[in-house]
Amino acid sequence: MLSSLATSLTDAGRTTTGEAILFWVLAIVMVLAAGGLLFARKAVHAALSLVVVMIGLAFLYVAQDAPFLGVVQVVVYTGAIMMLFLFVLMLVGVDASDTLTETLRGQRWVAALAGLGLVVVLAGVVGRAHYGPAVGLTDANGASNPVALARLVFGSYAFALEAVGALLITAAIGAIMLTHRRRMTPRVTQRARSTARVLSGTLAGKPVPGVYARHNAMDVPALDPQGRPIEESVSRVLRVRGQEADAREYAARIDRVLSGDWANTVRPPLTATSETSSAPATDDSDAAEKSDEEAKA
Amino acid sequence: MTLTHYVVLAAILFSIGATTVLVRRNAIIVFMGVELMLNATNLALVTFSRMHGNLTGQVLAFFVMVVAAAEVVIGLAIIISIFRTRRSASVDDVNLLKG
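Chains as they are written, first to last, in numbering that gives the first Met the number 0: chain A, 0 to 296; chain B, 0 to 98.
Facing chain B, according to a computed beta carbon distance under 8 angstroms, are these residues of chain A, among others:
1. 36
2. 45
3. 60
4. 65
5. 68
6. 83
7. 91
8. 113
9. 133
10. 135
Beyond 10 angstroms from chain B on every Cβ pair, some chain A residues (computed):
11. 189
12. 215
13. 217
14. 226
15. 234
16. 240
17. 242
18. 245
Think of the hints as simulated: they come from the structure by calculation, not from any bench.
The beta-carbon is built from N, C-alpha and C at its ideal position, and this holds for glycine as well.
Start from the sequences, fold in the hints, and give me the full structure.
Here you go:
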């Protein structure tokens with residue numbers, strides 16, 4: 000009797016002060032998070048606020064002498080179901096937000112009004128119902144809550160448990176059937192890929208961009224030994240987006256190098272750069288401008 | 000504070016879940032609203048179980064959780080297959096039965 004006083008309920012069926020504090024803190028947090036489900040623009044934010052609500056519920060279960068359900072709540076709901084939701088959000092697209100076009104005029108307001116009506120109805124039911132004195136679960140739980148629950152589940156409710164097991168298997172098979180897609184094209188095996196590669200002549204793979212191009216960047220096409228740019232070395236995506244660097248510019252530079260023009264352009268000797276600081280810098284910029292003009296010409 | 004407060008909280012959460020189902024258009028968020036309603040019901044069941052000193056309420060809440068898990072699996076599979084064919088997860092776009 001004393002232990003029951005200490006743990007859960009007083010004789011008048013009221014909760015302890017600690018539980019009251021826990022309840023009020025969690026209740027405010029949970030209602031705010033549930034509001035996030037209602038108002039969040041992005042589906043991911045809604046999912047995360049629902050996680051907060053579910054963890055709060057787990058705390059409340061433990062506080063209400065139902066530790067087994069508290070653990071199951073965390074494992075099944077926040078651990079499995081919400082992760083499944085997040086996976087599906089990832090598949091469908093994280094930025095899949097609500098459409099703002101109204102197919103039914105005023106549907107939102109009518110729906111909000113209906114929700115408010117439900118609040119009123121439920122408040123009426125909860126307010127007018129007569130509750131007997133709260134008994135508490137100290138006697139029913141006995142030694143421990145999971146043991147007492149197991150006696151019930153595997154005793155009086157064994158048949159329901161079997162039915163639920165059949166339901167779970169059916170659901171799993173149903174999910175596999177629903178998400179299964181029949182293959183429309185023949186399967187490309189590794190062997191077929193390698194054969195195709197040998198036949199196409201690109202046995203060592205496509206050339207890498209930037210190699211021999213004097214710019215080690217993805218958007219610069221590689222140059223072959225003759226100095227011509229290799230178009231296929233740049234990623235197709237960059238080419239479609241128009242982000243490919245101009246290959247001719249780099250090819251022209253290589254032409255200049257090959258013709259020996261590059262060596263003949265005005266370049267101050269190395270000793271001059273070490274002796275004076277300011278003058279060679281201007282010379283360098285002049286030379287750069289000259290080479291640019293040459294390239295344009 | 001009495002146990003009625005828990006029932007009131009469950010009613011509030013249930014109403015928010017129901018309103019979410021009615022207001023939102025994204026099928027996944029609508030589904031989350033259904034989950035919130037199931038959770039609120041579980042809270043009410045656990046509270047009633049404590050009120051009456053009878054563990055049957057908790058057993059019922061446990062079964063609700065299992066059925067909810069099965070329901071989520073099927074529901075999300077349906078949403079994915081609809082998304083594959085219609086490229087949209089909005090409940091307004093599914094109007095195949097419209098004449």
